[in-house]
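Colleague: Sequence:
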Amino acid sequence: MNAEESFISNENPDRTVLDHLKRFYDEKDIGRIEKTEDLIHVYVVKANRERPYHLLITAGMSRIQMDVPPGFEDFRFSEVMMLLPEYWPLFADELEKEENNWPIQVLQTIAKLPVPDGTWVSWGHTVSNKDAPFSRFVSVESSLLVYSITVPEEFVKIELPEKVIHIYSAIPLYPEELEFKIKYGAENLLDKFNRYQIPEILDCDRENVCNPRHLRF
4 MNAEESFISN ENPDRTVLDH LKRFYDEKDI GRIEKTEDLI HVYVVKANRE RPYHLLITAG
64 MSRIQMDVPP GFEDFRFSEV MMLLPEYWPL FADELEKEEN NWPIQVLQTI AKLPVPDGTW
124 VSWGHTVSNK DAPFSRFVSV ESSLLVYSIT VPEEFVKIEL PEKVIHIYSA IPLYPEELEF
184 KIKYGAENLL DKFNRYQIPE ILDCDRENVC NPRHLRF
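Numbering (the working numbering), first residue to last: 4 to 220.
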């Protein structure tokens with residue numbers, strides 16, 4: 004076994020994620036987004052009357068063991084999720100359009116980061132789109148990774164005999180919010196989100212909490 008192979012798990016991430024989803028949600032609400040990349044699939048739990056949002060989650064990121072700093076060994080494996088409003092188009096033909104499929108692209112981009120070269124992600128980390136919006140239809144251009152406060156608390160970890168997979172919710176950020184996070188930290192940014200009641204569910208028209216009029220702590 005070479006050095007790179009030692010980072011790759013033989014576990015089937017699709018089966019692991021599906022089994023996890025079925026613990027919390029009705030199987031009839033669970034599906035896979037087609038036309039996703041071979042090694043990173045995206046599953047969806049569709050909205051219903053009790054759950055006014057779609058849940059997207061990757062399966063495949065956890066195949067790669069991240070090269071974490073000493074003391075963070077329990078955080079070597081991750082998947083990422085995002086909550087979309089119930090009206091978000093998810094039919095195959097609708098997902099051909101950029102304005103509808105960019106959240107899927109964001110999740111897949113994050114999920115490809117843990118390659119055996121020192122890259123790792125965890126709570127409070129941000130992933131930028133290189134100073135460009137995720138889509139020409141939105142102004143957000145980076146994501147903050149946090150534990151979801153909307154799904155059941157037990158959902159955010161998959162505990163297996165050989166490892167723990169952490170599931171982080173990707174929260175799209177405006178450029179000013181990313182700058183604030185880099186300067187003051189994730190917790191202070193989340194405090195501002197709470198103050199201005201920013202939902203975890205994606206809202207492409209939500210308020211920018213780091214507009215000049217919101218810069219006071």
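Think of the hints as simulated: they come from the structure by calculation, not from any bench.
Please note that the accuracy of each hint is not assured.
[What the hints assert, rightly or not] List time: in silico EDC-like cross-link candidates among lysine to aspartate or glutamate, alpha-carbon distance up to 20 Å:
| hint | residue 1 | residue 2 |
| --- | --- | --- |
| 1 | Lys49 | Glu99 |
| 2 | Lys133 | Glu144 |
| 3 | Lys133 | Glu89 |
| 4 | Lys25 | Glu156 |
| 5 | Lys166 | Asp22 |
| 6 | Lys166 | Asp77 |
| 7 | Lys49 | Glu30 |
| 8 | Lys133 | Asp96 |
| 9 | Lys49 | Glu89 |
| 10 | Lys115 | Asp208 |
| 11 | Lys115 | Glu179 |
| 12 | Lys160 | Glu99 |
| 13 | Lys25 | Glu179 |
| 14 | Lys160 | Asp22 |
| 15 | Lys49 | Asp17 |
| 16 | Lys166 | Glu144 |
| 17 | Lys31 | Glu89 |
| 18 | Lys115 | Glu37 |
| 19 | Lys115 | Asp134 |
| 20 | Lys100 | Asp194 |
| 21 | Lys49 | Asp32 |
| 22 | Lys195 | Asp206 |
| 23 | Lys195 | Asp208 |
| 24 | Lys160 | Asp41 |
| 25 | Lys25 | Glu157 |
| 26 | Lys100 | Glu182 |
| 27 | Lys25 | Asp70 |
| 28 | Lys160 | Glu144 |
| 29 | Lys195 | Glu157 |
| 30 | Lys160 | Glu37 |
| 31 | Lys160 | Asp70 |
| 32 | Lys115 | Glu144 |
| 33 | Lys166 | Glu156 |
| 34 | Lys49 | Asp206 |
| 35 | Lys49 | Glu210 |
| 36 | Lys160 | Glu179 |
| 37 | Lys100 | Asp206 |
| 38 | Lys31 | Glu53 |
| 39 | Lys166 | Asp17 |
| 40 | Lys31 | Asp41 |
Colleague: Is the hinted pair Lys195 and Glu157 satisfied, with a Cα-Cα distance of at most 20 Å?
Modeller: violated (25 Å)
Colleague: Given the hint that Lys160 pairs with Glu179, test it: the Cα-Cα distance must not exceed 20 Å.
Modeller: Between Lys160 and Glu179 the Cα gap is close to 30 Å, so the pair fails against 20 Å, i.e. violated.
Colleague: Hinted pair, alpha-carbon criterion (20 Å max): Lys49, Glu99. Please report holds or violated.
Modeller: Distance ~19 Å between Lys49 and Glu99 Cα, so the pair holds.
Colleague: Verify the proposed pairing of Lys49 with Asp17, using a straight-line Cα cut of 20 Å.
Modeller: holds (17 Å)
Colleague: Is Lys166 close enough to Glu144, meaning Cα to Cα at most 20 Å?
Modeller: violated (32 Å)
Colleague: Are the Cα atoms of Lys115 and Glu37 separated by 20 Å or less?
Modeller: Holds - the C-alpha atoms of Glu37 and Lys115 are around 18 Å apart, at most 20 Å.
Colleague: Within a Cα-Cα threshold of 20 Å, do Lys115 and Glu144 meet the stated pairing?
Modeller: The hint holds at about 17 Å.
Colleague: Checking one constraint from the list: CA of Lys25 to CA of Glu156, max 20 Å. Satisfied?
Modeller: holds (15 Å)
Colleague: CA of Lys160 to CA of Asp22, is that 20 Å or under?
Modeller: holds (13 Å)
Colleague: CA of Lys133 to CA of Asp96, is that 20 Å or under?
Modeller: violated (28 Å)
Colleague: Between Lys49 and Glu89, does the CA-CA distance stay at or below 20 Å?
Modeller: holds (8 Å)
Colleague: When you check the alpha-carbon spacing of Lys166 and Glu156, does it fall within 20 Å?
Modeller: Holds: Lys166 and Glu156 sit about 19 Å apart, inside 20 Å.
Violated hints for the displayed structure, listed by number in ascending order: 3, 8, 10, 11, 12, 13, 16, 20, 24, 26, 27, 28, 29, 30, 35, 36 and 40.
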